[in-house]
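Engineer: As a plain string of letters, each chain reads:
Protein chains: 2
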Amino acid sequence: MTYQTANISIEKSESTKINSVDFSKLDFGKVFTDHMFVCDFENGEWQEPKIMPYQAMTFEPSARVFHYGQAVFEGMKAYKDHEGKVFLFRPKQNFERINKSAERLSMPAFPENYFFEGLEELLKLDNDWIKPGLGNSLYIRPFVIATEPAISASPASMYRFMIICSPAQSYYNSPVRVLVAEHYSRSANGGVGAAKAAGNYAAQFYPTSLAQKEGFHQIIWTDADTHTYLEEAGTMNVFFRVNDTLITAPVSDRILDGITRKSIIQLAEDLGIKCDVRPVKVEEIKKAAKDGSLKEVFGAGTAAVISEISAFQHKEELFEISGAEDSYAKLFKQTLLNIQYNVSEDKHGWRRAVK
Amino acid sequence: MTYQTANISIEKSESTKINSVDFSKLDFGKVFTDHMFVCDFENGEWQEPKIMPYQAMTFEPSARVFHYGQAVFEGMKAYKDHEGKVFLFRPKQNFERINKSAERLSMPAFPENYFFEGLEELLKLDNDWIKPGLGNSLYIRPFVIATEPAISASPASMYRFMIICSPAQSYYNSPVRVLVAEHYSRSANGGVGAAKAAGNYAAQFYPTSLAQKEGFHQIIWTDADTHTYLEEAGTMNVFFRVNDTLITAPVSDRILDGITRKSIIQLAEDLGIKCDVRPVKVEEIKKAAKDGSLKEVFGAGTAAVISEISAFQHKEELFEISGAEDSYAKLFKQTLLNIQYNVSEDKHGWRRAVK
Ligand SMILES: Cc1ncc(COP(=O)(O)O)c(C=O)c1O
Ligand SMILES: Cc1ncc(COP(=O)(O)O)c(C=O)c1O
Numbered sequence: 065m066t067y068q069t070a071n072i073s074i075e076k077s078e079s080t081k082i083n084s085v086d087f088s089k090l091d092f093g094k095v096f097t098d099h100m101f102v103c104d105f106e107n108g109e110w111q112e113p114k115i116m117p118y119q120a121m122t123f124e125p126s127a128r129v130f131h132y133g134q135a136v137f138e139g140m141k142a143y144k145d146h147e148g149k150v151f152l153f154r155p156k157q158n159f160e161r162i163n164k165s166a167e168r169l170s171m172p173a174f175p176e177n178y179f180f181e182g183l184e185e186l187l188k189l190d191n192d193w194i195k196p197g198l199g200n201s202l203y204i205r206p207f208v209i210a211t212e213p214a215i216s217a218s219p220a221s222m223y224r225f226m227i228i229c230s231p232a233q234s235y236y237n238s239p240v241r242v243l244v245a246e247h248y249s250r251s252a253n254g255g256v257g258a259a260k261a262a263g264n265y266a267a268q269f270y271p272t273s274l275a276q277k278e279g280f281h282q283i284i285w286t287d288a289d290t291h292t293y294l295e296e297a298g299t300m301n302v303f304f305r306v307n308d309t310l311i312t313a314p315v316s317d318r319i320l321d322g323i324t325r326k327s328i329i330q331l332a333e334d335l336g337i338k339c340d341v342r343p344v345k346v347e348e349i350k351k352a353a354k355d356g357s358l359k360e361v362f363g364a365g366t367a368a369v370i371s372e373i374s375a376f377q378h379k380e381e382l383f384e385i386s387g388a389e390d391s392y393a394k395l396f397k398q399t400l401l402n403i404q405y406n407v408s409e410d411k412h413g414w415r416r417a418v419k
Numbered sequence: 065m066t067y068q069t070a071n072i073s074i075e076k077s078e079s080t081k082i083n084s085v086d087f088s089k090l091d092f093g094k095v096f097t098d099h100m101f102v103c104d105f106e107n108g109e110w111q112e113p114k115i116m117p118y119q120a121m122t123f124e125p126s127a128r129v130f131h132y133g134q135a136v137f138e139g140m141k142a143y144k145d146h147e148g149k150v151f152l153f154r155p156k157q158n159f160e161r162i163n164k165s166a167e168r169l170s171m172p173a174f175p176e177n178y179f180f181e182g183l184e185e186l187l188k189l190d191n192d193w194i195k196p197g198l199g200n201s202l203y204i205r206p207f208v209i210a211t212e213p214a215i216s217a218s219p220a221s222m223y224r225f226m227i228i229c230s231p232a233q234s235y236y237n238s239p240v241r242v243l244v245a246e247h248y249s250r251s252a253n254g255g256v257g258a259a260k261a262a263g264n265y266a267a268q269f270y271p272t273s274l275a276q277k278e279g280f281h282q283i284i285w286t287d288a289d290t291h292t293y294l295e296e297a298g299t300m301n302v303f304f305r306v307n308d309t310l311i312t313a314p315v316s317d318r319i320l321d322g323i324t325r326k327s328i329i330q331l332a333e334d335l336g337i338k339c340d341v342r343p344v345k346v347e348e349i350k351k352a353a354k355d356g357s358l359k360e361v362f363g364a365g366t367a368a369v370i371s372e373i374s375a376f377q378h379k380e381e382l383f384e385i386s387g388a389e390d391s392y393a394k395l396f397k398q399t400l401l402n403i404q405y406n407v408s409e410d411k412h413g414w415r416r417a418v419k
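In order, the protein sequences belong to chains H and W. Note that my numbering has the first sequence beginning at 65, numbered continuously upward. Note that my numbering has the second sequence beginning at 65, numbered continuously upward.
Just to be clear, a hint being listed does not mean it is correct.
Identical chains blur together in the list; that is why a pair holds if it fits in one copy or across any two.
What the hints assert, rightly or not - Straight-line distance between alpha carbons at most 30 Å, and here's what the computed DSBU-like set of lysine-lysine pairs gives: (1) K164 to K94; (2) K89 to K188; (3) K164 to K379; (4) K164 to K277; (5) K94 to K114; (6) K81 to K195; (7) K156 to K419.
Keep in mind that the hints were calculated from the coordinates and are not lab data.
Produce the complete structure using the sequences and hints provided.
Structural biologist: This is the structure:
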């Protein structure tokens, strides 16, 4: 069946794969819903957006994305409450961030009306893939890639914007152990670290694999110049609780301006928890770990929401973090989930209902 | 027609596009030859390599290359002499470098026998696309991309290695004007700058576009920490001639170990030209430009061979470089071309004949 909304032409899938999916055993990012959103940029403008059955697509081997990494993405989620209503969390932030990322990579901005119309239509069509229950969600992946078939090292003139969706359970289950970067780094001053640029992620895989061989799950990146300041993890911003004060690094051109991070900073204010946004020295956190004032460390990001960090290592010194009884990590996680799943009041207007 | 070499299964194109190509008006990287080489990595090993007609291919929208930038490449050339013999220039260096790049991005190494067998068969099939005459060449683009359909931020388990070829004339014709980076940067200490990783290139497009708006062709990148040392250009290493001494930055984890660069360092030794490989301060080069001792600046890379730099700007100060009568740039270019095109003796064994 095909039909048309204000801007989008829609081809509905004739069948659904949903019955073949075990929603209690989901591997993150491997199963996709029945539909996807596609819009091509050509001749200086975005062409007619389309929703179509999820499917493989044809690309020229010379498509610039394969050679020069012009590719940016977002990660967001749709949540379902117990009445079956579907919500997004601060989606305008994702929309603005993908365009900011695109600008840094010389890619064209995507129109806001296409973004939200596409997203809402997609969520309507694939509504059954969004399961209610805290922790269940539909992970939404908007991305843009350079498709122009030409291998000169310059910005492409043809792009594809897409949204694909994958049902998700909670990302990390147990507390993670992290290694603090001493040699490798994630991004440079004046680089693309603040963009959700594809190349930033591949760059982390090798150092992360070395850390994993030593028994750590992830790396906390430090500044590339001196490796003395704690910045962020691979897909999470990081918070430190020293006594009853939270500390997190300021965003910069090296650090992603995470939506979970900025929500936590706001929630801390609401809850009367002091949160310092300032450069965080590795030495300061080690000292706090030694004198017992370091109560908690946690990561914050859309995929994991809050991920408790139970240990960190720096220069061969390992620190176990016992965790606090009145856990801030758990408090923020619950507060965020309650907002996201329409359980609690939403005084900042962060929820956006999908009609 | 299909047949088989030792390792490769070959499907020959039924027709050729060559007659539709104007070889006197080639846009770099837009026209491709009749065949391509493809080899997939699955189940922990490289599968049977294939040569097939050049064509678009199918990819899942969730292929990791689109999301996390796991993509590396090489750039090399085939040259034809006046008797129609075809040569590669130090191809083993490219082979080793693509595997080094791959390792840094947690991608599997490609086997040497597949690489060279594939390349030689491809060049045999597309021999007519290689035109004789200095400056004409066949640009060869080996690349590897992550194809696994799964959007978790970790190394893929499926990859595709490909070689595509595009006929080329000389890349830059006239001297280029460059801007010295003061704010933006190309790579971080402990980052992936030394790898030919796709994401490194997209990261340069936006700052380069700003430079272009000011009338410059390219940027010379400086160290991201202090922006006081000259490193390399977007696709070229850079040499400075002060009086009769050449200076070029040492390679590092931020700078690509260019094959043209290392060939020039060797040729300088052969020719009795002093070449210092050491960190190069921006201030030192500005001072040399002011006192008249800066004779030449040039870029070195496979695409352009040698590209003379006629002006550079740093902190609003513009320096025109008049160029020397006994140009080293021209000398090295001619010496390299003579070796590449089988005109002169090849005492270092850099040429590799394609049978
Ligand atoms: C590098 C990086 N840092 C932090 C985050 C967290 O950002 P957000 O809270 O917007 O998901 C992400 C993405 O999820 C990320 O990729
Ligand atoms: C960043 C960069 N620097 C330098 C070079 C020059 O290297 P080569 O002489 O091996 O072509 C290249 C590629 O050609 C490059 O991409």
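Engineer: Determine for every hint whether it applies to the structure shown.
Structural biologist: Here is what the structure says about each hint:
no.: 1; hint: K164 to K94; in the structure: both (27 Å within a copy, 29 Å between copies)
no.: 2; hint: K89 to K188; in the structure: within (24 Å within a copy, 51 Å between copies)
no.: 3; hint: K164 to K379; in the structure: between (36 Å within a copy, 26 Å between copies)
no.: 4; hint: K164 to K277; in the structure: between (35 Å within a copy, 20 Å between copies)
no.: 5; hint: K94 to K114; in the structure: both (23 Å within a copy, 28 Å between copies)
no.: 6; hint: K81 to K195; in the structure: within (15 Å within a copy, 52 Å between copies)
no.: 7; hint: K156 to K419; in the structure: within (16 Å within a copy, 59 Å between copies)
Comparing the model with each numbered hint stated earlier shows that all of them hold.
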